[in-house]
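Once you have looked at the hints, place chains B and C on chain A.
Each protein sequence line maps, in turn, to chains A, B and C. With our numbering, the residue at position 131 of the first sequence is 797, and numbering never jumps. With our numbering, the residue at position 417 of the second sequence is 978, and numbering never jumps. With our numbering, the residue at position 313 of the third sequence is 317, and numbering never jumps.
Don't read these hints as lab results, they were simulated from the structure. Hints are supplied without guarantee of correctness; some may be wrong.
Some chain A residues judged to face chain B by a derived CB distance under 10 Å, without partners named [what the hints assert, rightly or not]:
1. TRP679
2. VAL796
3. PHE834
4. SER903
Far from chain B, some chain C residues (derived; all Cβ distances over 12 Å) [to be verified]:
5. PHE43
6. ARG84
7. PHE105
8. GLU137
9. ALA208
10. PRO315
11. ILE317
12. VAL331
Backbone N, C-alpha and C define an ideal beta-carbon position, used for all residues, glycine too.
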Amino acid sequence: MNRTRAILSKAAWSVFTILFVIILNFFLFRVLPGDPARAGIRDPRLKKEAIEVLQVRFGLDKPVINCFESLNPIKFGSCNVNPLETQFFIYVGNLLQGELGISYHTNRPVGEILSERLWNTVLLIGAGQVLAILIGVALGIFAAWKARTSVDYGAIALSLFAWSLPTFWLGIILLFWGSANGFPLAGKATPGMSSMPPLQQWGDILWHMFLPTLTYTIVYMGEYTLIMRSSLMDVLSEDYILTAKAKGLSMFQILKDHALKNAMLPLVTVIAINLGFTVAGAIQIEAVFSWPGLGSAIYEAVVRRDYPVLQGAFLLIAVAVIAANLLADLTYTYLDPRVQVE
Amino acid sequence: MQTTLKPSEPTNLISARLLGFWRVFKKNRGGLIGFVMLVSIVFVAIFAPAIAPYDETSASTTTISDIYQPPSAAHWFGTDDAGQDVFSNFVYGARVSLTVGFFAAFISIFIGGLFGLVAGFFGGRWETFLMRFTDIMLVIPDLPLMVVIVALTRPSLLNIIFVIGLLGWTTTARVVRSQTLAVKSRKFVLRARAIGAGKGHIVSRHILPLVMPILVVQAVLVISLAILNESALSFIGLGDPTTLSWGQMLNYAFGRGAMSTGAWWALVAPGFGIVWVVLSLTLLGQGLEQVLNPRLDTHHLMPNKPTVHVDAQPPKTKSLLEVQNLSIDYVTEGKLPAHAVENVSFTLREGELLGLVGESGCGKTTLMLSLLRLLPAAGQIVNGHVFFKGQDLTALSEEELNKIRWSGVSIVFQGAMNALNPVRTVGDQIAEAILRHMPDFPKDQIPARVTELLDLVGIAADHKDHFPHQYSGGMRQRAMIAMALACNPQVIIADEPTTALDVMIQAQILELLDGLRRKLGLAIIFVTHDLGVVAEMCDTVLVMYGGVTAEYAEVDVIYNDPRHPYTQELLKAFPDLTKPKKKLSSIPGYPPRLDALPPGCRFAPRCPLAFERCQTESPRLHVIGADGHVASCHLIEASK
Amino acid sequence: MSTEHLLEVQGLKKYFEAGRPALFSRDTRHVYAVDGVDFNLQRSEVIALVGESGCGKSTLALLLMGLEDPTGGKVTFEGRDITHLNDHQRKDLRRKIQMVFQDPYESLNPTQTIEEIVTEPLTVHGIAPHKAERDERVKKALEDAGLKPADVYLGRYPHELSGGQRQRVVIAAALVLEPEIILADEPVSMLDVSIRAEVINLLAELRITRQIAVIFITHDLGSVGFFADRVAVMYLGRIVEIGTMLEVLESPQHPYTKALISVIPVPNPRLRHERIILQGETPNPINVPSGCRFHPRCPVAMDACKASDPPMITLSKTHQAACLLLVK
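Only chain A is shown next, with the shape it has when bound in the complex (with noise of 0.2 Å):
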């Protein structure tokens, strides 16, 4: 079946995306001069056995590659050792056993602290996405229907502001009049609230969500509309809608069972290219917020200069995106039946 080998190309070209970040990751991490762990030992105040302790404590006494001469005439890498005992054999190894490294901050492992963020991330980025989405679509739509009308003009004007608007800016924004409505100025949840019923607990969280979320939907939901109105517009001067109006179908069967369908496609492949810039808006977001979440965790790690948590950070990030887009990939095999090969 084509169908279930495009979806298997797809599935394998992600797991080699995952591996070509991981490589990056590694790379960027040894290679750029900025991580102090190096920094600090090129010190020229340290003495040689304190340098010894370092390089041992951060693995730097190891080779970063090994190379095999038959395959490698550069010599790129420190030839001939045991390539398992090489820094990127260790580093890889590491992550298959789930170690991201110590944080360089707060001492604790970089997975531990990442994994209590992620959630909360997914939850500011799910919220914000489907409203964004929903609301996005919805006004999209109004506007097609409603083509070179006034309603259709002020949903683009509004859609093309929403758009050019900075999310870290529209954060602090809200966050300002925010403070003056009583809304909370930062965290997931007020202090204390845990020993309250669950249902409190999560309505806590949900106050705590609203600005956050609310700027993370004004950001999205413009392109959103912009590429639904066109979409829409493409599918509804397309000959079969006549053949369905022809038909005698009424406005709203035509819109439900020969345009939205079609129109969807398009989007979907768009929320998935849009994975990569929507982890962009929860960093912004986040910092503003001072939502505890991974975006967070990178603002946090680069005001720190903690790498570690910067490395993982980036990593873990990297990875879910490619998994939804694998997702979004494959939603659109699913609904478009022309999906042939590629």
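Structure of chains B and C alone, referenced to chain A:
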């Protein structure tokens, strides 16, 4: 031979093209606003020293009382956390943000354009490699990667430009590749190869000119993304500490107490700058896109202009379908209405096959769509009536008309690929019509009925659950006919159902329609530009020219005693295998444009027999003989 | 005799790979687009290649133009083998063989003026380097193609012209190189009937005024009767019948030709006639039927047709057809 064209003036091509572009662009309101907004902020950036009231680096004479001063005459936008003038910083910040945006975008566009062009044009391994790489880079989230790289290197302006530029090319590469592929597959590129042109010539003369517009639009969008990315990086704390971009200003203000002191001015001004630039670029990009790649921006569900009702007359005959003096205009804002169809009348008896013949653009499709009021939004019925079984369709409400559509009169459109919904099975689309118009039809009988209908047009039952793309061209047209038969209509309108099909398939479809007519007693209106097709099976023929009836008669009369010069000329242009070696003649010139109709007879400019009167006065329809033969030509009156 | 032919095609084949039937299958399937075509062309002769879509006529055109590489067979031009040429030789040859495409709306670059379009072949080949000479040739080509006076058209863009005029521009761009053969691939099928004759008459004139040979590819037998010297009918990658125009149109021998001729519309209701309507459609050239490739649709097929592939039977000096019924 063409007298309407004037000799072209020798002009500088490039400036002429730019001028032509500007003429269209300036009508695009959004694009123009964006352009003016962008020019204004670039102006501010360039003349920053002259505009800013305070020097870039002056920390004035900072005392505690200078910090977070509200807006005043001395400081229009107040002061910031360092006691500096926010307005001056805003003006200088424009320089930084725009510099980063333009340079980073330049890098992105260069890489993306190159990758896209190479992958699209050369294909093969290059394409596989470049596009796979692009796909990987597209999936990896941008901003986190930028954060990692800038954090690991020194956050200088140059680093930031390079990082944003080197990571922002992926969408450009994809867009350019698909445009290159599209241009490359066009026939003029094949023709250039056939001429003997090499790869370099083809890329520079044929591919690039058509990829460039897309690249310009893309560049505008990439600049805005780069500016947004720069501000986000700066806000996170990875801005160049030696310069003050808008993002950097927000970072300082947000991080140093503007929120708690309520100093909104320090937060609003820089954000406003970013919004201004990004919005201007977005508007400009949208405007450029609309000008370079114009879309009609209309669709089939938009409401029509209301039908103009004139003195309701009863039908004159007892025909199944009677069309009386139907006139249709296309009304576009700011333009004179185009008279697409004027005063066309005809009748259709039960079981009759009427051929509607005319060149493309003569209004025949418009006329057919208007019978069921399916005109595009700009189309308006301005005169006349359509009686179906004595009921005036032009006077019905949309709901009443919906009951007659398909169950009384159905349509087979040309190009069945587009007339069938690609994501629903053919059987499902046929069943839909039955469900809609025959509510009493037993639900469990519907699949059997669909099979029966498909069988009637010669499609095997196992194709019922296939999608249209799994059908061949001929089968799709058959499926369309099966769908048209679904609700037992009395009239089928077939709008060029065989155009673009092979001769043999065309013959199959014609035979099918003719057979169905005899078997089911259908009346058919067959629209075509091919006189030969019509001769084979029609009872009556209506020849249209430029939106009016040229001649209307029984089929034998049209072919053996045509009275309108247009009919006569059309027949001479048609190859007749019974008279081989006869030289074909063609009608010089081309049909009139509907928005620029000649003042007199619409055929006069191409008519070999035209005389003075034809240039000024349009002929009326003259009755010739008893059996309904009519033609619109001044010569007929003269010969009487 | 063979050296006298302007163009000679022998056993020309083109197979495209059509991917594997299954994911892990080893053998690839082939599309037998052109599967052994022979014919020749004399100086200033018009030959019509007729067939339905999928018969391989467009691939044949690309092969003759050297825009695709043949899988097998041989093409000779003026006695020289031109089947496989390097880029340089190919470019030289292009001056001699020019092509006119089906869709005049697509085959002109919308960003070029008519002058640029017609001048381009000269620039590409470095002919007439002086502007005055070049302009003169361009104008002459335009006027020979019926666009008179040429000055009116030079500065215009394709979208300002009608379909017939655009096709004349394409022909002018071919004429400017003074070719010996024009290969016209369905040049009128996109045009309205009323202006088709315009383009056909122009091509017919050129073979007389400029001694140009024309290969006219079409799906419509009806449109070729008036100026073709010979007609070749193609089915599924092969020529099934070839003969002079009168031989093929008035006494067709292959059942496919007979059917094709019977469905040509006759513009006279008094001459309504019996038509032979073939059932089904041309099979996919991936699965070429055994024996005679026409047998599944043939109204007069015999058992023997399933097994043996009929050879070309010579019926007269000029007339040949491939059908077992003709074997005596």
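Hints, one by one, checked against the model:
For TRP679(A), the interface hint holds, the least distance from its beta-carbon to any beta-carbon of chain B being 7 Å, beneath 10 Å. The beta carbon of VAL796(A) comes no nearer than 19 Å to any beta carbon in chain B, farther than 10 Å, and the hint placing it at the interface is violated. Given the 10 Å rule on beta carbons, the hint for PHE834(A) holds: about 5 Å separates it from the nearest Cβ of chain B. This hint holds: SER903(A) has a C-beta 4 Å from the nearest C-beta of chain B, less than the 10 Å allowed.
Residue-level check passed: PHE43(C) sits 20 Å from the nearest beta carbon of chain B, beyond 12 Å. For ARG84(C), the shortest C-beta to C-beta distance to chain B comes to about 17 Å, beyond the 12 Å cut-off, and the non-interface label holds. For PHE105(C), the non-interface assignment is contradicted: its Cβ lies about 5 Å from the closest Cβ of chain B, within the 12 Å cut-off. With a least CB separation of 18 Å from chain B, GLU137(C) remains clear of the 12 Å interface cut-off, as annotated.
A cut-off of 12 Å between C-beta atoms contradicts the statement that ALA208(C) is not in contact with chain B; the least separation is 8 Å. The Cβ of PRO315(C) lies farther than 12 Å from every Cβ of chain B, with a closest approach of about 25 Å, so its non-interface assignment holds. Distance to chain B confirms ILE317(C) as a non-interface residue, since its nearest Cβ pair spans about 24 Å, more than 12 Å. Remark: the non-interface label on VAL331(C) is consistent with the geometry, its nearest Cβ contact in chain B lying 26 Å away (cut-off 12 Å).
The structure fails hints 2, 7 and 9 (numbered hints given earlier, in ascending order).
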